[in-house]
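Line by line, the protein sequences give chains A and B. Going by the numbering used here, the residue at position 128 of the first sequence is 128; the numbering climbs one at a time, nothing skipped. Going by the numbering used here, the residue at position 113 of the second sequence is 243; the numbering climbs one at a time, nothing skipped.
Quick caveat, the hints were computed from the structure, so don't treat them as lab data. Even glycine gets a Cβ: it sits at the ideal position worked out from N, Cα and C. Possibly wrong hints are sitting among the right ones.
[Claimed, not checked] Pairs of lysine-lysine residues, derived as BS3-like cross-links and limited to a Cα-Cα distance of at most 25 Å, are as follows:
1. 114/A x 158/B
2. 339/B x 322/B
3. 101/A x 192/B
4. 158/B x 95/A
5. 132/B x 158/B
6. 135/B x 101/A
7. 190/B x 114/A
8. 309/B x 101/A
9. 135/B x 300/B
10. 101/A x 73/A
11. 135/B x 228/B
12. 3/A x 95/A
13. 132/B x 374/B
14. 92/A x 327/B
15. 339/B x 370/B
16. 192/B x 283/B
17. 95/A x 192/B
18. 283/B x 339/B
19. 232/B x 44/A
20. 283/B x 327/B
21. 4/A x 101/A
22. 92/A x 185/B
23. 339/B x 377/B
24. 300/B x 158/B
25. 374/B x 135/B
26. 185/B x 114/A
27. 101/A x 114/A
28. 283/B x 309/B
29. 132/B x 101/A
[To be verified] Below, a sample of chain B positions facing chain A; criterion: calculated Cβ distance under 8 Å:
30. 210
31. 236
32. 377
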Amino acid sequence: MSKKVLVVDDDPDVRSFVVTVLEENQYIPLVAQDGVEGLEMIQKEQPDLVILDVLMPRGSGIRLYRTLKTDEKLNQIPIIMFTGITLRSFLKSQKVLNEFKGGEVPEPDIYLEKPVEPEELAAAVNKKLG
Amino acid sequence: MKIRKLLFVTKFEDLCYDALNSLLELRKASLEHVVFLNVIERDKVAMQRGTGYLKEEEVKLKETANIRFIDWAENLFEMGMEVGAYIEVSTLIPEILKVVEKESPDLIVIGRSHKGTLEQLYSGSDVTELTRRTQVPVLVFKHMMEDNIVPEKLFARPLFATNWSETSIKTIEYIKGLKNVVGEIHIIHVVKDSALKSTDTHEVQKVRKVERKRLDDLCDELEEAGIKARSHVYVGDPQKEIEKAAKEYQATMVILGSSEKAAILERWMGSVSKNIADNSIFPCFLIPGKKNT
């Protein structure tokens, strides 16, 4: 059975790019356009993988990432970060939030800085789900 | 009232990272979330004879804004803050109101209006239109000096001009929420010339004494809330005197309750808050009053 992959990104061009890559690799794409909608979709659809942008309206990817990683029911869902924000900034933010809010969240499974070639994205998805 | 979420509206030519940076003091007053908004005015990419819709221009403008926002967001994320961004081809004020609806910010930060005098007369300035259509406080950000240097401590010495209206009272509650940010606040009330028409010196001085007492009571109230405050009575044209006081006390911003006048009346006759927001060299923090259009 094909696996479900949720793309959370506010940019319609990026969503369309990722959806095409997923369909070409026989995955079932789901889409959400911000952090709030993303969380609702995850709770409803229980996807096998989430591809997550960081800088988005109505709840950033950083907030959603932390929410998922600290939720006992959802923390096993693998996440591929797919963003223009550098890994360095992402890790720094997590470090500050760990200190400030307490708790330790693990680093993302895979971190892709935009833009990437379709093959690179497909390889990352296949690595987690293949 | 706390400022947890701030909507930062920028066209890049008016507000940049230095302006945003000076607002980060608000983290001491609970700021934890910044939402960026860049509105690309429709006429920049609109249908044109011979070329049609300028899609390439739209992509270029959106990507340019995105690159700036990513850079700014990285700095804020690294401080542990939450950040969001919108880049839209639209019309400024309706788009701001749309984002306000989605994000519920506690403060809107916007640059000085870029509309021409005639356009402002007919449609009002961006700031006037915004304060008329939202209940969210608005900070009109300005570079006070010709070389565009932003004051490092925007909240160090605000000047609050009160006319004792209902909105002024609401503004005081708002100021109390900024107690960890405000250095020393100067509170001014301007007595209009017309109130001093008596030839009796005693009567004139009585007016000053009464106003001064009200201001001192207000200072006491703010000091009890943990904010250092000083009072001043000025006489004359409110707009000119507020500007004068701001200069004399080296204010870092002017705080005003915005006008409750009907829109059409305000457009043609002006109001103190509108005129100061549009013309003052100081950044203006406007707290909207009850809507009365």
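These are the hints, each one checked on the structure:
1. 114/A x 158/B: With Cα atoms ~34 Å apart, residue 114/A and residue 158/B exceed 25 Å; violated.
2. 339/B x 322/B: holds, 15 Å
3. 101/A x 192/B: violated, 34 Å
4. 158/B x 95/A: Roughly 20 Å between the alpha carbons, so the hint for residue 158/B and residue 95/A holds.
5. 132/B x 158/B: Distance of about 10 Å is within 25 Å: holds.
6. 135/B x 101/A: The hint holds at about 18 Å.
7. 190/B x 114/A: Judged against 25 Å, a Cα distance of about 17 Å means the pair holds.
8. 309/B x 101/A: holds, 23 Å
9. 135/B x 300/B: Within the cut-off at roughly 19 Å; holds.
10. 101/A x 73/A: Status holds; Cα separation ~20 Å.
11. 135/B x 228/B: With Cα atoms ~16 Å apart, residue 135/B and residue 228/B stay inside 25 Å; holds.
12. 3/A x 95/A: violated, 32 Å
13. 132/B x 374/B: violated, 30 Å
14. 92/A x 327/B: violated, 64 Å
15. 339/B x 370/B: holds, 22 Å
16. 192/B x 283/B: Cα-Cα ~31 Å, so violated.
17. 95/A x 192/B: violated, 31 Å
18. 283/B x 339/B: Distance of about 33 Å is beyond 25 Å: violated.
19. 232/B x 44/A: holds, 22 Å
20. 283/B x 327/B: violated, 41 Å
21. 4/A x 101/A: violated, 32 Å
22. 92/A x 185/B: violated, 37 Å
23. 339/B x 377/B: holds, 24 Å
24. 300/B x 158/B: At roughly 21 Å apart (the allowed maximum being 25 Å), residue 158/B and residue 300/B satisfy the hint.
25. 374/B x 135/B: Not satisfied, since the Cα-Cα distance of roughly 32 Å exceeds 25 Å.
26. 185/B x 114/A: Holds, because 22 Å separates the two Cα atoms, which is no more than 25 Å.
27. 101/A x 114/A: violated, 29 Å
28. 283/B x 309/B: holds, 14 Å
29. 132/B x 101/A: Within the cut-off at roughly 19 Å; holds.
30. 210: holds, 4 Å
31. 236: violated, 16 Å
32. 377: violated, 40 Å
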